[in-house]
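Engineer: Sequence:
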Amino acid sequence: MARKPVVALVGRPNVGKSTLFNRLVGERMAVTDDIPGTTRDRLQSESNWNGVTFTVIDTGGIEVYQPRGGRDESPLAEGSADFIQEIKTQALLAIQDADVIIMLVDIRHGVTAADQEIAEVLRRTSKPVVVAANKADTLEKTAESIEFYALGIGAVVAISAIHGLGTGDLLDEVVTAIRETAGEYDEDEDDDHLKIAIVGRPNAGKSTLLNHIIGEERVIVSPIAGTTRDAIDTRIKWHGEDVTLIDTAGIRRRGRIEPGVEKFSVIRAMKAIERADVVLLVLDGELGVTEQDEHIAGYVLDAYKSLVIVVNKWDAVAKDAYTMTEYEKNVRERLQFVDYAPLVFVSALTGQRIHSVLKTAHRVWENRFVRLPTAEVNRILREALQRHPPPVKGTKRLKIYVGSQVSTAPPLFLFHVNDTKLVHFTYRRFLENRFREAHPFEGTPIRMSFRPSKNDPRRNDS
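So in this note's numbering, spot 32 of the sequence shown is number 18, and the numbers just go up one at a time.
In short, the hints are calculated from the structure, not lab data. One thing to keep in mind: the hints can contain errors.
To be verified - The calculated EDC-like cross-link candidates involving lysine to aspartate or glutamate, where the alpha carbons are at most 20 Å apart (straight line), are: (1) LYS345 / GLU428; (2) LYS(-10) / ASP158; (3) LYS257 / GLU103; (4) LYS127 / ASP155; (5) LYS315 / GLU428; (6) LYS257 / GLU272; (7) LYS113 / GLU103; (8) LYS(-10) / ASP219; (9) LYS379 / GLU352; (10) LYS385 / GLU362; (11) LYS223 / GLU352; (12) LYS(-10) / ASP228; (13) LYS113 / GLU159; (14) LYS305 / ASP270; (15) LYS223 / ASP178; (16) LYS382 / GLU352; (17) LYS(-10) / ASP270.
To be verified - Label pairs and their computed distance ranges (CB to CB): (18) ASN316 / SER342: 16 to 22 Å; (19) ARG261 / TYR135: 38 to 44 Å; (20) ILE222 / ARG110: 47 to 53 Å; (21) ASN189 / ASN34: 24 to 30 Å; (22) GLN372 / ARG433: 21 to 27 Å; (23) HIS149 / ASP288: 36 to 42 Å; (24) HIS281 / GLU312: 22 to 28 Å; (25) LEU287 / THR111: 33 to 39 Å; (26) ARG261 / LYS223: 31 to 37 Å; (27) SER390 / ASN189: 41 to 47 Å.
Don't be surprised by glycine CBs; every beta carbon is placed ideally from N, CA and C.
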């Protein structure tokens, strides 16, 4: 099935790439800030214009300049000076992936030396380029956009990304270029495939794990905590099947989340959990399970997503014959509310056992779709009731008449009872354990719903 065309947004820092990205995809997906260097990795999502669907890739600044007192220079985002070369590499990779390129420039500054250097890079690609002269908020500024034809790389469209002015004209140019260069593509591309979010505390090794799985430097990796700020989708083929990997920003304790950019990054990580089928919770093997790891596992459970616990940096842990057993015991004690999640011990740095990560995630994903016949559900239910009859509350005893599985992903079981108020959490947990004894549902939460039986006349007074 043909892929969708790819449109990359490139330009020097602080010209409005992320603001335009958010405008094109219709949601605040990219982290934006007035400080250059805020966007670090490639970020992508879909957009549609005049019936043409395409993928938009946001990038960090293709070049970062230290302040020298010029009119177009301003301080870099805190920490971004450490990633100048990596940011440039990611932008160049986006250009390589793209079918059409939108080069953003700041109309208020005119053509800068940085713009000319970027234009030269784009000219060598031989790919269609549309120049978006951003921050054209007045008619006078719009007229000044003609100056950018001097770059000699393509049509120039004056826009205001923040207000949406001129974006329709820009998209007309983009779609025209797509139709001329990208060829036919399938609008009905199947999206029913495994999606995996990689989450965890800052500096647990999430990006390194992703890079090792896919075999390329898809995201920036750094020992400095907090490098990844956006949730980034990477689509790969695994044994002939599509798999989307979502790298996310490290999730700090709520009290330690800084306002602004970091806050939006954490919100995006939470949204990534919502979009995923399976979540890889990456633990720092040297630190063990922390309170924040417990919180993150709770977020995954609340979202009813399947879970694989990945103990990373296992190569750095001093070991004997009992280390792994004791470590797993500790993890199970700290994360007992998700004791159904499998553990994988890896080293993202050396590649140790990395092959088992996708294998386990895929197995867990398949468990989300297991459906038990009604006869099997009621067999397990009868055995559970015989082993441990429902408790009595006052003068009333819970009665469970019949059960069935009504949906999957995750499995949802419906039980008809005499009075839902008699269903205590502990008995619900007991039933879940009995079902897992018969069918493990590895890595996948089980939902249980209790409803008053319509066929029992005693349902209101028994």
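Engineer: Could you work out which earlier hints the structure fails to respect and list their numbers in ascending sequence?
Structural biologist: 3, 6, 9, 16, 17, 20, 21, 25, 26
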